[in-house]
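Enquirer: Since chain A is already given, all that's left is putting chains B and C with the ligands on it; use the hints.
Okay, here's what each chain looks like letter by letter:
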Amino acid sequence: MAFLELHDLGKTYGDHVAVENFTLSIDKGEFVCLLGPSGCGKSTTLQMVAGFVSPTAGRIVLDGQDITNVQPNRRGLGVVFQSYALFPHMTVADNVAFGLQMRKVPKAECQAKVEEALALVQLSALARRYPKELSGGQRQRVALARAIVVKPPVLLLDEPMGALDALLRDEMQIELRELQKRIGITTIMVTHDQAEAMTLANRVVLMSNGRVQQIGAPFEMYEQPQGRFVSTFLGRANVFSGIGTSDGVTVSGRNLPSVAPGLEGAVDYIVRPEKLTFTNQDPLVGGTVKARVFLGHRWLYQVDTAIGMVELTEANLDLPSACEGDHVGLTWSADHVRVTAQGKAK
Amino acid sequence: MSHTPLILRLFHWLFMVFMLAPLVVVVLVSFTDKGYIAFPFDGASLRWYSAIWNATGFIDSFWLSLGLGIVSATAAVMFAVPAAMAIAWHRFAGREAVLGLLMSPLMIPAIVFGIALLRLFTHLGLSGSLWGLGAAHTVMVLPFVMRLVIAAATGYDHTLSQAATSLGASGWTVFRRIELPHLVPGIAGGWLIAFITSFDEVTMSLFVSSPGTTTLPVRMYNYIANTIDPLLASISSLLILVTLVLMIILDRAFGLDRILGGKA
Amino acid sequence: MKGQAALPYWLAGPGVLLALAFVAIPLVLTFGLSFSPFSDQTGIGEGFTLSNYGQIVSDDYFHEIFLRTIGLAAAVTVVSLLIGVPEAYVLSRLKPTMRAISLVIVLGPLLISVIVRTLGWTILLGNDGVINNALMAIGIISQPLRLMYSFTGMVIGLVHVLVPFMVLSVWTSLQKLDPATEQAAASLGAGSSTILWRIVLPQVLPGMLSGGLIVFAMSASAFATPAIIGGRRLKIVPTAIYDEFLSYLNWPLGAALAFILLVFVLAVSLGANRYIERRFRQVFQ
Ligand SMILES: Nc1ncnc2c1ncn2[C@@H]1O[C@H](COP(=O)(O)OP(=O)(O)O)[C@@H](O)[C@H]1O
Ligand SMILES: [Mg+2]
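Protein chains in written order, with the numbering used here: chain A, 1 to 346; chain B, 1001 to 1264; chain C, 2001 to 2285.
Hint data in this document are derived by calculation from the structure and do not stem from the laboratory.
Bear in mind the structure is a predicted one, so any value in this text is a computation, not a measurement.
Treat each hint with caution, since some may be false.
Stated by the list, open to error - Taking lysine to aspartate or glutamate and the EDC-like style, the derived pairs with C-alpha atoms no more than 20 Å apart in a straight line are:
id, chain 1, residue 1, chain 2, residue 2
1, A, Lys290, A, Asp326
2, A, Lys290, A, Asp304
3, A, Lys151, A, Glu178
4, A, Lys132, B, Asp1157
5, A, Lys275, A, Asp335
6, A, Lys181, A, Glu171
7, A, Lys181, A, Asp326
8, A, Lys132, B, Asp1251
9, A, Lys181, A, Glu116
10, B, Lys1034, C, Asp2128
11, A, Lys113, A, Asp94
12, C, Lys2095, B, Asp1251
For reference, chain A alone in the conformation it holds in the complex:
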């Protein structure tokens, strides 16, 4: 049995559905990211687990115990807020000690645990400071230490990197990942940044409009997106509307390669830009390069073809293969193509 189970969780505000039919099982020690665009219900879901929002449907089971109606201060979960919510009138050490005090941990033991937690996030030197006197990254580490010092069964993080600048974010992501592995804490993190989710998570839960779109490991989800939304939200993708027949898929009257035919009717034909190559022999489609963009590690081409605008990226190894205005042929392997029924994932 899973460690934390969310059964068919739902929340409606009046007639506005914030979250619907959210079902997820999380194993002990797993790191799960809730990913999705702003307003899709990630925070609401997290807040239901934390107990600050009471679900209008469904159950939450932690370690075999139904905690759906347990008060948030009795759930014992660790929460890290986007604003960090450090108590401004307490020192770093007092912030971290707060949860232990609530649990009536004896003073000496409390102090030892605080020191241990601060050492874990490399903040031992700043224990006497006030939150105002810390940088963004330091604040985040205090928030983290405060949440984990009580050894919560589950750690919940709501966009913890949101307030950091890009460089610091990369650094903190790696640090968070290390820490999570070291103490083996079951973690749910909310983010709208797909790169962050893929960096950190064992499993990603992709949401849209209050519903789960797909759950899976980052690589699996990237390679096998179930539908247009998943494929475009997670990385770049060429998505074409086509007709599935028993023989294959037709896009704009052209037969395009795919494995495992069988879907019939309106389908999305999905292939990622890095899977495409330029070719002179038997191109699947041909077209004119409309734009070429330098991305640093890659070149991105936009090619106008009979099936629509197609994106292709190639590694920045030698000189780029084509210029704007060139006529080019494109090809790709059927193995790299995903075909999904249209309209399923809306």
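Expert: Same frame as chain A, now just chains B and C with the ligands:
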């Protein structure tokens, strides 16, 4: 300042003189050795300060006003803090009406307030009692505390309460250890301004005090109505001194312009 | 936000009960009182009558009191505007330390008892007072001016009591003013008086209006200062109410006067507030 025209600077100094003049003459007159209102330039003494101790009632009235100020400011804080939390942190039916009711003593002329309370207290048999006086002052200063506590509560980040709750704190503990410390500056400022308002209040108190419960401003008003002698000046000078100390505390801690924004 | 729907009512409940008991109920009782007849024996007679209001409406004695009250409030407001607005402007241009000191001098008197401040003015304004002595010493006048027990004296005393509110109000809107607008005007070629008149003044207009409102409403309801400086003869509505209640013991008439004053003051403050809000909402968010 360098570009401020001379005429405006001159005006500014005249304005300062205008604001200070009545206070300065009061202090000067208090040091006279004459038996009537006169300046101490041709004879100074402290006789009018020692006269305070012999004048009947002023000392008693001072203690009464001091106690009344402390009690009513404290009571107003007790009533205002939860109400201000409700107003600032919750959206509920009737919120505007509640706010309007609690702030209404600011809008009602003190003389109207005074006669209305006199009417009520004669009904209840409370007229001239300490209870009546205390209740009247508490309601009167309630808006001042409300305003500063609401201002303090408005900037509060509620995820702080959620963070404390997630760490296992009960509702009461969250209030005591997280929310209340955030409100303390507003409460302290509100208490002080409420105390000063109560201590200075005269018009309404004229109607709800009795010979046995005469506040200091009421006694001074009644005294002025009959005679004006340097005794009043020496009492007033002491009051100016005390107020000056409180004022400096208030200004250092909160800024006078911010705290007095709510006095009207 | 907190969950329980009943919580705010529990929090606000005690305050609401207090205010109902000591504000709402007394006002309702007084309103009722203003419709009671006056009786020589008991003060308050039985029955319902409009005669208190009728007496106020028909009696020239009360007309004069009301006119004087409105005149006093208007004069105090105008003088406060004339001296308070420039003072707020100067304050905003002072160096920080001077400004802090000046602010304490301007606002500090608000914390000092009205009685103390008015006592100062009686010393200054008397026939043998500082002002008259000084003017006669310089030789500007040969006879002392009648300042105590005069309308002018009441205006001076009340301006001193209330002008800090005007300064405060204008000062607050001056602080919201973006100094870049003045620089922008200067860069477009406006002189300093044009900047004052066309850029600064329009932006502090809301502050002037709300300050004027506060001063007007508070002068119309002021009691102690006009009572001490104006004395028995220069009666205004608040002093008339006091006399009806505590000298003539005609409570019903006093209650009727009080109600007219209350409605007048509330109408001025609420009505004008609403107007200011509507007029300036588009400009200042
Ligand atoms: N207290 C609330 N009342 C009404 N609607 C809300 C409330 N909280 C969130 N919502 C709505 O629920 C939806 C999901 O919000 P949220 O979970 O915060 O999204 P996310 O965290 O994914 O950006 C949004 O459309 C939001 O407007
Ligand atoms: Mg969110």
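Enquirer: Could you tell me which of the hints above the structure violates, numbers in ascending order?
Expert: 7 and 8
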